[in-house]
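Following the hints, complete the assembly by docking chain B onto the known chain A.
There are 2 protein chains.
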Amino acid sequence: MGKNDRMERRERADAARNRQAILRAAEELLRRHPPEQVSIERVAAAAGVGKGTVFHRFGSRAGLMVELMAERARELEQAIATGPPPLGPGAEPVDRLVAFFTAVALLASRNGNLMAAHEHAMVTRKAAETPREANPIYLYWHGHVSGLIAEARPEVDAELIAHMLLGTLHMEPIASRLRAGEHERLAAAFATLVRGLLDRGALGGG
Amino acid sequence: MGKNDRMERRERADAARNRQAILRAAEELLRRHPPEQVSIERVAAAAGVGKGTVFHRFGSRAGLMVELMAERARELEQAIATGPPPLGPGAEPVDRLVAFFTAVALLASRNGNLMAAHEHAMVTRKAAETPREANPIYLYWHGHVSGLIAEARPEVDAELIAHMLLGTLHMEPIASRLRAGEHERLAAAFATLVRGLLDRGALGGG
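In order, the protein sequence lines correspond to chains A and B. For what it's worth, the working numbering labels the leading residue of the first sequence as 1, then goes sequentially. For what it's worth, the working numbering labels the leading residue of the second sequence as 207, then goes sequentially.
The hints are simulated quantities; they were obtained by calculation from the structure and are not laboratory data. Just so you know, not all the hints are guaranteed correct.
Unchecked claim - Derived, one-sided and incomplete: chain B residues facing chain A with beta-carbon distance under 8 Å:
id : residue
1  : Asn210
2  : Gln284
3  : Ile286
4  : Leu313
5  : Ile367
6  : Met370
7  : Thr374
8  : His376
9  : Ile380
10 : Glu390
11 : Leu392
12 : Gly402
We treat Cβ as the ideally placed atom computed from N, Cα and C, and that holds for glycine.
Isolated chain A, as found in the complex (with noise of 0.2 Å):
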């Protein structure tokens, strides 16, 4: 091995470092401060690092609120595509959805506030007219939510419905309850909306 590949593996796990300790700053802060009182200056001193390499790496503050979210949202995505039941393959639709919406309840409690910095940061970026459905992420989650539903009661709109569910995590009312800590009774509430909605064979309804 040359002196030049020593150097370029040595910047690249500097940058890998780099990037995992100003993620990890972020989000110690973001659980401790509201959204708005976490700044770029903020998080680079957090992580020992300068001003310009978060510029760098994360291009703006709204690209390392949408990084950090969709960090999360990877480790939820692999748990379900690949992780043990319920929350992975091989249990009941209807307990592999109780385990989602706990999973949920429980990503949305902790990070509140970067839910809330990051739904802000995709507004920013992209046109206003379809935020949500434009989220990678959210478009996922109805994916899975809507597949579920489907295979569990072929009969009914899963489509529409995996929209009511997942809506409910952002409205105010809901919103505030999980910033309180309150997502066991949030998903205490899922639970009760999903087995009502599944536990029903070929009772219909829809």
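Okay, now just chain B, sitting in the frame of chain A:
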């Protein structure tokens, strides 16, 4: 009856007529135009009154929007309190809930522009923290929905589930479908959720 009495009665009748003419004109304009294009000037011209009369009766454009929505909501409230079943008293909770969400989906579909204008007016007039929960229309709807859920299934979290169901009306993927006239599809999805939730008797699940 003296001359002054007759004049006062005539003035009150004129005021009531003007008020109705202004509300009907605003309603008609909102049906055909986005709310930001429905100015006080335009409403006054369509109602055949002066701009000052509109301001005198309603205080502001926001006041006019709030009053118009309040009138619609009062009609629904009357149907719920004293109208025929299943919307009014006398039917099973599950059938009353299905009838309520069918009526609300239709109201939201016919008045999508009005609802958007009303929401905006409420947010502008009040503190942004609790716009929806502080709205008297929302409070009445929430009381009705949570009361019927609790009547049929006292063991579930009726208060939170009522917020979840009502919140779906305001979120973007649903609101845009309502503006596109898909109220029957939304009413059917509500019926699926509500029948799943309430047609279960002692099965539990929360």
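Results of checking the hints against the structure:
Given hint, B/Asn210 at the interface with chain A, is violated; its Cβ is 51 Å from that chain's nearest Cβ, farther than 8 Å. At its closest, the beta carbon of B/Gln284 sits 26 Å from a beta carbon of chain A; the interface hint therefore is violated under the 8 Å criterion. Taking 8 Å as the C-beta contact cut-off toward chain A, the hint placing B/Ile286 at the interface is violated, the least distance being around 21 Å. Because the closest C-beta pair between B/Leu313 and chain A is about 17 Å apart, greater than 8 Å, the hint is violated.
For B/Ile367, the shortest C-beta to C-beta distance to chain A is roughly 5 Å, which falls under 8 Å, so the interface hint holds. Evaluation of the B/Met370 hint against chain A yields a held restraint, the C-beta minimum of about 4 Å falling below 8 Å. Proximity of B/Thr374 to chain A holds as hinted, the smallest CB-CB distance being about 4 Å (cut-off 8 Å). Taken as an interface hint, B/His376 checks out: its beta carbon lies about 6 Å from the nearest beta carbon of chain A, inside 8 Å.
The restraint placing B/Ile380 at the interface with chain A holds, with a minimum CB-CB distance near 6 Å, inside the 8 Å limit. Among the interface hints, the one on B/Glu390 is violated; its C-beta lies about 11 Å from the nearest C-beta in chain A, farther than the 8 Å criterion. With a least beta-carbon distance of about 7 Å to chain A, the hint placing B/Leu392 at the interface is held under the 8 Å criterion. The interface hint given for B/Gly402 holds, since its Cβ lies 4 Å from the closest Cβ of chain A, which is under the 8 Å cut-off.
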